[in-house]
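Participant: Protein sequences appear in the order of chains H and P. With the numbering used here applied, the first sequence corresponds to residues 1 to 295, in that order. With the numbering used here applied, the second sequence corresponds to residues 1 to 346, in that order.
Think of the hints as simulated: they come from the structure by calculation, not from any bench. It should be emphasised that the depicted structure is a prediction, and the values quoted were computed from it without experimental measurement. Virtual Cβ for every residue (Gly too), placed ideally from N, Cα, C. Take these hints with a grain of salt, some might be off.
Below 30 Å or equal to it, Euclidean Cα-Cα: the simulated DSS-like pairs (lysine-lysine) are [to be verified]:
#1 H:K190 <-> P:K257
#2 P:K143 <-> H:K206
#3 H:K190 <-> H:K284
#4 H:K206 <-> P:K24
#5 P:K98 <-> P:K143
#6 P:K31 <-> P:K54
#7 H:K190 <-> P:K281
#8 P:K139 <-> H:K206
#9 P:K8 <-> H:K284
Over 10 Å on every C-beta distance to chain P, these chain H residues come out as not near it, computed from the model [as the list claims (entries may be wrong)]:
#10 V192
#11 G200
#12 A201
#13 V210
#14 P213
#15 L214
#16 L216
#17 R277
#18 R285
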Amino acid sequence: MDWLIEFPELGRRDLRDLRKGIDESFKSFSREYGDSIETFFDPLLYFLIWLEKLLLSTPWPLFIGIVCLIGWFASRSIKIVIGSAISLFLIGYLGMWEDTMSTVSIILVCTMLCIGIGLPIGILMSRSDRAQNIVTPILDVMQTIPSFVYLIPVVMLLGIGKVPGLLSVVIYAIPPMIRLTNLGIRLVDKEVLEAADAFGASHWQKLTQVQIPLALPNIFAGVNQTIMMSLAMVVIASMIGVTGLGQPVLKAISNQYLAMGLLNGLAIVALAIIFDRISQSYGKRLQSYRGGHGE
Amino acid sequence: METKIEIKNLYKIFGDDPETMLQKVRDGVTKEELNDQFNHVLGLSDINLKMPAKGIQVVMGLSGSGKSTLIRHINRLIEPTAGEVWIDGENVLEMDEKTLRDFRRNRASMVFQKFALLPHRTVMENTIYGLEIQGMGEKKAEKQAAHWIERVGLAGYEENYPGQLSGGMQQRVGLARALATDADILLMDEAFSALDPLIRTDMQNILLDLQQELHKTIVFITHDLEEALRIGDQIAILRDGQVIQQGTPQQIVLKPKDDYIADFTRDINRGRVIQLKTIMKTPNDKPGPELSGEMLVEDAAQLVTESPSSQARVTNDAGDVIGVVGINDLIRAMARPDIESRLEEL
C-alpha cells in the first residue's frame, strides 16, 4: 500500500529538468527580446523621470498649494484641505520631502497607466460575456499571486530599475480598475439603455452619453482602489529599484531602524489618506444628483 | 380613416428555438401547451392591427398579455419571430441597422412606464437628448426643447435633476423628450401607469390637449380600461398574446366580444363612453338645446335636466337636427344598455 502514502510525484531529475527548461527558455526569451522590450518602455521611463524632476523642482509651498486647490475643487471640504496641508508639511519637516515626491510621481504615472489600460479593458468586458470570462480568471491570478513571484520574471526581463518597478505596481493595482469599470457599466439601468436605443443612439453614443456617465461613481471607486493598492505596492517595488518612500522602509527593516521605518510608513499612510479622501469625496459629489440635492 | 401603422401576422415566441415552435403555433398549439411541453413562451400570436394616422390607438391588456412586447415591435426594440410592421409603406422589420436608427431618431419616439430618464442630466439636458442624438446643434436643440418643456408645464425646472422631481413631473420630462424630436409617431408604453390616479388624469388631459393640436399617431399601452376608453380613438384588447377585440370605445363597451371583455366593461361608467347619436330617437317637434351627436351621455344629462322639455335635439357636424334624446334615454343609457338594436349604426 505504499502508493497510498507516497505521493506519485514526478522524479527528482525530471522535476529539475522541467524547472531548468522553463528557466532556460525564459532566459533565452529575455536575451532575445529583453532589449527591444526595454526600448519599448523607454518613453515611459523618460516621462516618469521628467515628472519626478518636475515635482522635485516645484517649490514646496506651490506643491502644497496645488494639492489644496485640487482637494478643494474635488471635495469642497475645508477639513480635507487643511488636513492635506498639515500632513504634507509634516512630511517635509521630517525630512521625507524628496522621497515623497518620487513616490507621488510613480503613483501618478501608475494611476494614469491603470486608467488608460483598465478603462478600455473594463468596457470591453462589460460588452461581451466572452471577454469577461477570459479576463476574470486573469484578474484573479493577478490579485492572488504573491507579488514577489511576478517580480522574478519582470526583473529577468527588464532588470532592476524604475520601469520594472512601475510595471509590477501596475500589475498589482490595475484589477480593481478593470473590475469596477465592468461592474459599473453592467449595473447601468436597463430601462435607460432601452430609452437610448429607442431614440436611435449608436453604440458610441450609448457608451459616452449613458453608460460611462452612469458608471462613473463605480469607475471612480476603481480609481480610488487603484491608488490605494499602488501605494501599498510601493514598498515591495522598492526592492527592485523603485525610489521613494519604500526604500527607507526597506533599509529600516534590514537594519532594525524603528523610527525610520515608522516615519516613512506613516508618510505613506498620510499620502494614502490624502489621495483617498480627495478622490472619494469627488466620487460622492459625482452622484449628488442621485440624492435629489444637486447643486 | 387613413392607416399609419399596419401590423401583419406578427408572431413572437420567446425561447431557444422559436422557428420550430412557430410552425407548431401555426398548427394550433396553444400558449399553455407551448409553455408546458416545449418550454417556450408565446409572446404574440398572429397579430393583425391597423392603426389610424393622427389618432390614438390604445392597446389594452393585463400583465402578461403581450402589450409591451407588441409596442416594442413597432420600433423594433424586440425582434419578431415572424410578421411585418408597415409604416408609411416601409416594413420596419426589414430595415438595415442605419435605416432603423434613422427611423428611431426622426420618426418614432417613445415614452416609458418608469420614465427611463437619464439621472445624471438635468431636465433640459434630458429633453434635448433625442435632438443631440440626431446631431442637432446645442443652441438650436435647447431652444426647441424649451418650447416643449414649457408645453408640458415644467418651465422653471430646466436645471433640476430628475431625482428632484415627483413621478408626474418626471413623466412630463419623458413626454417633452419624446415630443422634442418631432417624430410623427409617439409610442407610449404604460406611460401613466406608475402615477397616482389624480396625476394620471392630469397627464391624460395634457396628452389630449397636445393631441388636439399636434395630430400625431399615438400608440398607447395601458392595463386600465378607464384610461383606454378615455383617450383611445381605437382600442385593441390583447389577451395571451392575441387580439381578442378591436374597435372604438363605444363598440368595446356596448358590444363586448366575449365574457372576458364583458367582465372588464361591467364597472365602467357608460355615460362617459356612449355618445348621443348612439341612443337618439327619430326627431320630433319639441324644443330643447341642440347638442352635437358626439357629445357624451354624461355631459348631456346635465344640460337636458335643465331644459324645460327634458329633451335635447341632436345635430350632426353640419348642424342639422338628426334626432332627439330625452332624459329617460340618457338615464337608461347610463344605467343598463337597452340599445342592442341600435348598435348596427355604429
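Participant: Among all the numbered hints in the text so far, which are the ones the structure does not match?
Facilitator: Hints 1, 4, 6, 7, 9, 10, 11, 12, 13, 14, 15, 16 not satisfied by this model.
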